[in-house]
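Protein chains in written order, with this note's numbering: chain A, 5 to 608; chain B, 45 to 190.
If you are wondering where the hints come from, they were derived from the structure by calculation, not from laboratory data.
From a predicted model like this one, the values you see are computed outputs, not experimental measurements.
We put the CB at the ideal spot given by N, CA and C, even for glycine.
Hints are not guaranteed to be accurate.
[To be verified] The following label-pair restraints were derived from C-beta to C-beta distances:
hint: 1; chain 1: A; residue 1: Pro567; chain 2: B; residue 2: Gln172; range: 49 to 55 Å
hint: 2; chain 1: B; residue 1: Glu76; chain 2: A; residue 2: Asp441; range: 34 to 40 Å
hint: 3; chain 1: B; residue 1: Pro116; chain 2: A; residue 2: Val224; range: 51 to 57 Å
[Unchecked claim] In silico lysine to any residue, SDA-like type, Cα no more than 25 Å apart, as pairs:
hint: 4; chain 1: B; residue 1: Lys146; chain 2: B; residue 2: Asn122
hint: 5; chain 1: B; residue 1: Lys161; chain 2: A; residue 2: Lys378
hint: 6; chain 1: B; residue 1: Lys161; chain 2: A; residue 2: Cys343
hint: 7; chain 1: B; residue 1: Lys161; chain 2: A; residue 2: Asp456
hint: 8; chain 1: B; residue 1: Lys99; chain 2: B; residue 2: Ala137
hint: 9; chain 1: A; residue 1: Lys465; chain 2: B; residue 2: Arg174
hint: 10; chain 1: B; residue 1: Lys99; chain 2: A; residue 2: Phe449
hint: 11; chain 1: B; residue 1: Lys182; chain 2: A; residue 2: Ala583
hint: 12; chain 1: B; residue 1: Lys182; chain 2: A; residue 2: Leu588
hint: 13; chain 1: B; residue 1: Lys99; chain 2: A; residue 2: His575
hint: 14; chain 1: A; residue 1: Lys508; chain 2: A; residue 2: Phe449
hint: 15; chain 1: B; residue 1: Lys161; chain 2: A; residue 2: His337
hint: 16; chain 1: B; residue 1: Lys99; chain 2: A; residue 2: Cys343
hint: 17; chain 1: B; residue 1: Lys99; chain 2: A; residue 2: Asp578
hint: 18; chain 1: B; residue 1: Lys182; chain 2: A; residue 2: Val519
hint: 19; chain 1: B; residue 1: Lys188; chain 2: A; residue 2: Arg590
hint: 20; chain 1: B; residue 1: Lys182; chain 2: A; residue 2: Pro464
hint: 21; chain 1: B; residue 1: Lys99; chain 2: A; residue 2: Ser565
hint: 22; chain 1: A; residue 1: Lys529; chain 2: B; residue 2: Arg174
hint: 23; chain 1: B; residue 1: Lys161; chain 2: A; residue 2: Gly450
hint: 24; chain 1: B; residue 1: Lys161; chain 2: A; residue 2: Glu455
hint: 25; chain 1: B; residue 1: Lys99; chain 2: A; residue 2: Lys508
hint: 26; chain 1: B; residue 1: Lys161; chain 2: A; residue 2: Arg335
hint: 27; chain 1: B; residue 1: Lys146; chain 2: B; residue 2: Gln172
hint: 28; chain 1: B; residue 1: Lys188; chain 2: A; residue 2: Ala583
hint: 29; chain 1: B; residue 1: Lys99; chain 2: A; residue 2: Arg590
hint: 30; chain 1: B; residue 1: Lys146; chain 2: A; residue 2: Leu588
hint: 31; chain 1: B; residue 1: Lys182; chain 2: A; residue 2: Thr577
hint: 32; chain 1: B; residue 1: Lys161; chain 2: A; residue 2: Ser447
hint: 33; chain 1: A; residue 1: Lys378; chain 2: A; residue 2: Pro468
hint: 34; chain 1: B; residue 1: Lys161; chain 2: A; residue 2: Lys529
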Amino acid sequence: MATLTIDGQEVHAEEGQTILEVARENGIDIPTLCYHPLLEPYGACRLCTVEVIRHGRSKLQTSCTHPAWDGLEVKTHSPAVVEARKTILELMLSRCPNVPVIQAMAQEYGVTEPPFPTDDPEQKCILCGLCVRVCHEMVKADVLHFAESGVERQVGPAFMEKTRQCIGCGACTVVCPTGAIEIVMEKDAVYQEKPLGPTSAVWVPSLQAVPRVPVIDPDVCIRFRQKDRTDGEIVDACGACQMLCEADAINFDHEDEVVELDVGAIVVATGFQMWDPVQLSQYSYGKSPNIITGMEFERLSNAGGITGGEILTAEGKKPDRVAIIHCVGSRDHNAHPYCSRICCMYSLKQAHLVRDKTGAEVYEFYMDMRSFGKAYEEFYERIQEENVTFVRGRGAEVQVLPDGKLRVAGEDADLGRKVHADVDMVVLSTAVEAPHDADRVGSLFGLSRSEDGFFAEAHPKLRPVETNTEGVFLAGAAQGPKDVPDTVAHAGAAASMALALLDKGEVTISPQVAVVDEKLCSACKTCLSLCPYTAISFIEEENVARVNEALCKGCGTCVASCPAGAITARHFTDQQILAQIEGLFRSLEEEPAAAEVEAEGVNL
Amino acid sequence: MSTADFEPRIVGFLCNWCTYSAADTAGVSRLEQPPNVDIIRVMCTGRVDPVFILKAFAEGADGVIVSGCHPPGDCHYNNGNYKTFRRMPLVEAMLQQYGIEKERFHWGWISGAEAPKWAHLVQDFTEQVRELGPLNWKRELESKED
Numbered sequence: 005m006a007t008l009t010i011d012g013q014e015v016h017a018e019e020g021q022t023i024l025e026v027a028r029e030n031g032i033d034i035p036t037l038c039y040h041p042l043l044e045p046y047g048a049c050r051l052c053t054v055e056v057i058r059h060g061r062s063k064l065q066t067s068c069t070h071p072a073w074d075g076l077e078v079k080t081h082s083p084a085v086v087e088a089r090k091t092i093l094e095l096m097l098s099r100c101p102n103v104p105v106i107q108a109m110a111q112e113y114g115v116t117e118p119p120f121p122t123d124d125p126e127q128k129c130i131l132c133g134l135c136v137r138v139c140h141e142m143v144k145a146d147v148l149h150f151a152e153s154g155v156e157r158q159v160g161p162a163f164m165e166k167t168r169q170c171i172g173c174g175a176c177t178v179v180c181p182t183g184a185i186e187i188v189m190e191k192d193a194v195y196q197e198k199p200l201g202p203t204s205a206v207w208v209p210s211l212q213a214v215p216r217v218p219v220i221d222p223d224v225c226i227r228f229r230q231k232d233r234t235d236g237e238i239v240d241a242c243g244a245c246q247m248l249c250e251a252d253a254i255n256f257d258h259e260d261e262v263v264e265l266d267v268g269a270i271v272v273a274t275g276f277q278m279w280d281p282v283q284l285s286q287y288s289y290g291k292s293p294n295i296i297t298g299m300e301f302e303r304l305s306n307a308g309g310i311t312g313g314e315i316l317t318a319e320g321k322k323p324d325r326v327a328i329i330h331c332v333g334s335r336d337h338n339a340h341p342y343c344s345r346i347c348c349m350y351s352l353k354q355a356h357l358v359r360d361k362t363g364a365e366v367y368e369f370y371m372d373m374r375s376f377g378k379a380y381e382e383f384y385e386r387i388q389e390e391n392v393t394f395v396r397g398r399g400a401e402v403q404v405l406p407d408g409k410l411r412v413a414g415e416d417a418d419l420g421r422k423v424h425a426d427v428d429m430v431v432l433s434t435a436v437e438a439p440h441d442a443d444r445v446g447s448l449f450g451l452s453r454s455e456d457g458f459f460a461e462a463h464p465k466l467r468p469v470e471t472n473t474e475g476v477f478l479a480g481a482a483q484g485p486k487d488v489p490d491t492v493a494h495a496g497a498a499a500s501m502a503l504a505l506l507d508k509g510e511v512t513i514s515p516q517v518a519v520v521d522e523k524l525c526s527a528c529k530t531c532l533s534l535c536p537y538t539a540i541s542f543i544e545e546e547n548v549a550r551v552n553e554a555l556c557k558g559c560g561t562c563v564a565s566c567p568a569g570a571i572t573a574r575h576f577t578d579q580q581i582l583a584q585i586e587g588l589f590r591s592l593e594e595e596p597a598a599a600e601v602e603a604e605g606v607n608l
Numbered sequence: 045m046s047t048a049d050f051e052p053r054i055v056g057f058l059c060n061w062c063t064y065s066a067a068d069t070a071g072v073s074r075l076e077q078p079p080n081v082d083i084i085r086v087m088c089t090g091r092v093d094p095v096f097i098l099k100a101f102a103e104g105a106d107g108v109i110v111s112g113c114h115p116p117g118d119c120h121y122n123n124g125n126y127k128t129f130r131r132m133p134l135v136e137a138m139l140q141q142y143g144i145e146k147e148r149f150h151w152g153w154i155s156g157a158e159a160p161k162w163a164h165l166v167q168d169f170t171e172q173v174r175e176l177g178p179l180n181w182k183r184e185l186e187s188k189e190d
């Protein structure tokens, strides 16, 4: 622990701290352009120059590089320091006359005009080396270096040529104090702005996220990208978040792991995904940033979103007119024929939000208003009273007009004629669909899917959470589109079904199992390889095959293939099926009485 | 007998999980289908012993349908449909050796979600068998026994 005085104030410093760090900790302002707390100090801009007095001897030193020794006396704004800084700023302003941050600093020290001739008025780089240091120390890509010397000194990649070493992370543009570095997209590259998505590699999924912790996106995170790019050679790139996290909560070594659990019941709650409206080109999604989906609107109106909850067009203005189009991709035989169930109500809510937050005119293009739930119809009535214009008829087309406005064309079925509305923003209430990997999940759990692609329940009315696979239950939108109350009810039912199964402590197995008549078994072992559940084992001592009834699911494949006819499928015996076939034909041709006698005679 | 008067009798062996439930849904949905197909439910098409098919023809059926779950992956019993997939071509070849036209025997896959497909199959297959006329296998067998 060292004690020193800065501007007359007594401060304490840890071993290894610099004067600048100690000053900042104590709220003493020292100007600088080339300092970054995560990077090695470099002393390039010289603006942090202070007067250091030790043993009665005064010296001008850069505070970012000078250790905070015990007993130092530091003056950050003494006349000598101010004079030195002024000279530095004169030189800097002469080099870069058009950089606002330098202009502002120079102004502060009374320098308004560059006192020396300027080589290049567009020059922005002050050669502070922050970019070089961040590229070397953090990104570990080593793309940027100093080149040449003296007045020729400059910063750039080797030989000032494009290099594949650069991963385009943009760290250099972030640290550059003067805005001298820009990321330029390749001419052919499709640059899709995502103003509604996350803006950094670390983000909280949503303000309502539970648990509310940030996640790291490995596709964007410099550390993971460098690790992937170099096949694991560079494993310690960046890590800025880890260095800054005071709680020490970031651990890059956590990896996905496969956990094997023995469970008695499984609830499949894999949910849904939003249908991509690009697939129906008449809605022009992607052709204008003001054509957004309902989900994107939610992001926009979310207080934690990029506009802080304000509903703004891509031009940053409040819209005057907004159109909301229902049933985009739902109830449409070119996309999904089914009703997505949630869109009517959230569209009404969004109409309310637009009215409330912007006062814009709202046009709702709807086919039928499906306000089916408790208090939903009342909500619909309330929105009608909020002066929202309801147009009954599918919004048929969205055109982007030359001036950037959007024209929604459709038919008003009540008026019986074509209508259109020119608006500033279009919200598409897109369909809910089964997740893209539902087939993979389905085959994993032995679930069948109904025509709409969602998982099929065991019975559409009487067994809505059970599946055809015992012990596997469905919850929520995995079974079909559902709003929140329905999802909660469905999930509750699934949980209690699962608990009922577990609580019993034993399982009831189906009586439809295969049994081997051991007297007839010829020990050919044909059945062993056919059984999908390895329920048949061969007893060497007795030279017979035997079925484990707890494992057998009763498919009967072994029965059909047994050359000796030794295996019987209970409740689906050969005699039963053959009798059914006989019965089919006999009942018509023979006298009813005879058929009855025959059926009784089978006696199974 | 002209083909118009002839009502073919068809036996369908349907697996419990896919085609049987498709047929059930087709009925519940009131999809139009001729009443010529009599359905025998089995747990899996893998259970369908070729003997059943021959028995159906021997008892007087003019056509037989075997239908289960789509491969791959739809089978409730993992791979019962694959066993059907291997067996049925043999049955088909055998039937032809017995002189039964291969158009009288249909085997394939209809999932529980494909009720309209089942209704179409019933319509098309009934017409196909109607075109072929009665099989009369039973009468021939009985006359030989006499």
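Open item on the list: Tell me the hint numbers this structure goes against, listed in increasing order.
Closed with: 1, 3, 4, 5, 9, 10, 16, 18, 20, 22, 25, 34
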